[in-house]
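J.: Single-letter residue listing:
2 protein chains.
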Amino acid sequence: MPKNLDLNFTLAEYGDRLAATRREMARRDIDCLVVVDPSNMAWLTGYDGWSFYTHQCVIVSQDAEPVWWGRGIDAAGALRTCYIDADSIIGYPDHFVQSTERHPMDHLSQLLRKLGLDRGSIGVEMENYYFSAAAFRSLQTHLPSAKLVDATALVNWQRIVKSEQELSYMRSAARIVEGMHAHIYDIIERGMVKSNLAAEIFKSGIAGQGEHWGDYPAILPMLPTGMDATAPHLTWDNSVLKQGDITFFEIAGCHKRYHCPLSRTISLGQPPQKYLDAEKAVLDAMHAGLENAKPGKLAEDVAIAFFDTLETHGFKKDNRTGYCIGLSYPPDWGERTMSLRRGDKTELQKNMTFHFMPALWLDDGGLEITESVVITDSGYERLAEVEQRLLVKD
Amino acid sequence: MPKNLDLNFTLAEYGDRLAATRREMARRDIDCLVVVDPSNMAWLTGYDGWSFYTHQCVIVSQDAEPVWWGRGIDAAGALRTCYIDADSIIGYPDHFVQSTERHPMDHLSQLLRKLGLDRGSIGVEMENYYFSAAAFRSLQTHLPSAKLVDATALVNWQRIVKSEQELSYMRSAARIVEGMHAHIYDIIERGMVKSNLAAEIFKSGIAGQGEHWGDYPAILPMLPTGMDATAPHLTWDNSVLKQGDITFFEIAGCHKRYHCPLSRTISLGQPPQKYLDAEKAVLDAMHAGLENAKPGKLAEDVAIAFFDTLETHGFKKDNRTGYCIGLSYPPDWGERTMSLRRGDKTELQKNMTFHFMPALWLDDGGLEITESVVITDSGYERLAEVEQRLLVKD
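Chains as they are written, first to last, in our numbering: chain A, 1 to 394; chain B, 1001 to 1394.
Next up, chain A with everything else stripped away, as it sits in the complex:
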């Protein structure tokens, strides 16, 4: 281990994570796991860097220590952020980067062969931003003796129950997102240019709150107004806020890559009755949903209670109303395991963490009042405390 390495977790905790991953590999008869999801790489080893735009992975097998593999110039970053010994940090030459002649995964196959891991069952994360169709094709071509099996989200599922240290980072993220919402409410006003408002949100989120310094969130702040808020994922421009505008703020605090998302909606001046009705519907339905947020209930119980109550208010919604959160990298702050939606029968357990996301996108705007929660012994705890209503600024 490099000297003075300031890891985010104890070596014991990393050891537990590795053991859990190996148990699941054994259960599925996977001899070797190629972990490309940057969140999984970080969770297993501590590795942290904006290097996921080139191919990289952590190789997990039953017997040998994990191996970090990536672009040569990023090996220095691996040395500085993960607990893996220098001997097990392997860089590939730069002529593999974005080449039309050779694929970095060709090099990985050679390495697996050298490590004696090129046969048996090799798990790969088939559904991942960082495992392209071409990456898979390269491994298929160069590992003729191996059986490639789908291990999508194998590691993600080991991450669903958070440790106390993880929760502590998420609480730091919660302090940050509280500060971001307070800052937005302070400064938002008629005549403000949206890009300036976005700039203030970034500043508040990255500066953080005292010792809770801000890391970059895996999704950037959304702050659509009016008709743009009929769509969930439009980013800002230089339009100017005016009286009567309703804007939702879908943002997250982030600390050491752990997220606390939280959305609120602000109306400049009194909102129309329709939005007050929508607010009442969302809050009633959210509380009905959250009554089911406790150990022993299923993920879908939260969603169904929410949908059913929402419908009594005349709103019909069928998309998912939440998902697991924690450690993440762009482009998504969800953990991509459980979803709060009909059909998801995962049983809730203590220290699972969710973004409960009961958004309503109407025909002329959107309303988002959301909560990030941690499941406790007998219910749930809100991670961040921000006034739970449609905010009005005169």
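Hint data in this document are derived by calculation from the structure and do not stem from the laboratory. Keep in mind it's a predicted model, so treat the numbers as computed, not measured. Mixed in with the good hints, there may be bad ones.
Computed cross-link-like contacts, DSS-like style, restricted to lysine-lysine with a CA-CA straight-line distance of at most 27 Å [claimed, not checked]:
1. B:LYS1242 with A:LYS256
2. A:LYS242 with B:LYS1242
3. A:LYS317 with A:LYS274
Assemble the complex: chain A is given as a structure, and chain B must be docked to it using the hints.
T.: Chain B in isolation, oriented as in the chain A frame:
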């Protein structure tokens, strides 16, 4: 076309782009192209939103108008940002999102069948962050009558020569990055917490400069100091700057998704001779490289002249020294076509744009002094004007 749609380019320019793409498809005998790269989607249609974390694409064929396909709730965003008629904006149901039972691409196959595009040769972007191995597998399974062919970067290559309107957006981005570097130099000082410095960089970049409002860059600001700067891609924490620290700032201005990256390095106090030597080497070598930045020269000519001159100063470097820039989405602001490196024989043409990136990562820190340039009739033009040297702040 939706009323009052404020497109970033004329319909004529989008028409030219589509025509160029279709010509290349015809040349390669591709009947239908499934474009998943968000930059390519935006370049072809104007579509803009942080929705690329779920599967989406633009379908291009020879005869019919392009079709936008994506998550149902994002169709509203497509209506508001791209020129495509509502009839050709197709959303898939939310139960496809991050499901373990069904893949969104299953739905795409159905759509292609309905459009009569499920046979013949279908081009897919095999090497892309947003075309997973599982996406490819789904298409293989559900399109038995089609031949799937690799069309990675087919559209990217149509983007390499910039239009005047594109250059105008990149010049806006250049004004923004100039402002960011000026702001950094103004405020950097001993005792400053890195996350606060990062917060100020974000604020400056997103607020922009007057009418040049800031969009989010496809790579977030890097500002590693000292040993962390021996690695290229580590992000900030809450460490405190001290006298003698050398920090490089790898940042970009961004306007309407067009980028102008530019790196500078700042030493707090007089830098050691070793860094002054490195500065001289980089600047000499950069000028030697840029003498080759003109129409008719090859991409590798720039790199080779740079490497050769660098070597006369005792520095050996083999990774690439630059790449095409323009329109981009996370996780990479490069266009992923040409690279300035040995072996790249692409001929330079007027209005190509590059980030010339002659970074040196030393054993105890890093030095980055880079330039974004546009190729002119007879040479090149620096996009941004920032003092071209190792900056010293006392």
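J.: Sort out whether A:LYS256 lies within 27 Å of B:LYS1242, counting only the CA atoms.
T.: holds, 22 Å
J.: Decide if the proposed pair is consistent with the structure: A:LYS242 and B:LYS1242, CA atoms, cutoff 27 Å inclusive.
T.: Between A:LYS242 and B:LYS1242 the Cα gap is close to 45 Å, so the pair fails against 27 Å, i.e. violated.
J.: Is the hinted pair A:LYS317 and A:LYS274 satisfied, with a Cα-Cα distance of at most 27 Å?
T.: holds, 17 Å
Of the numbered hints stated above, the single one contradicted by the structure is hint 2.
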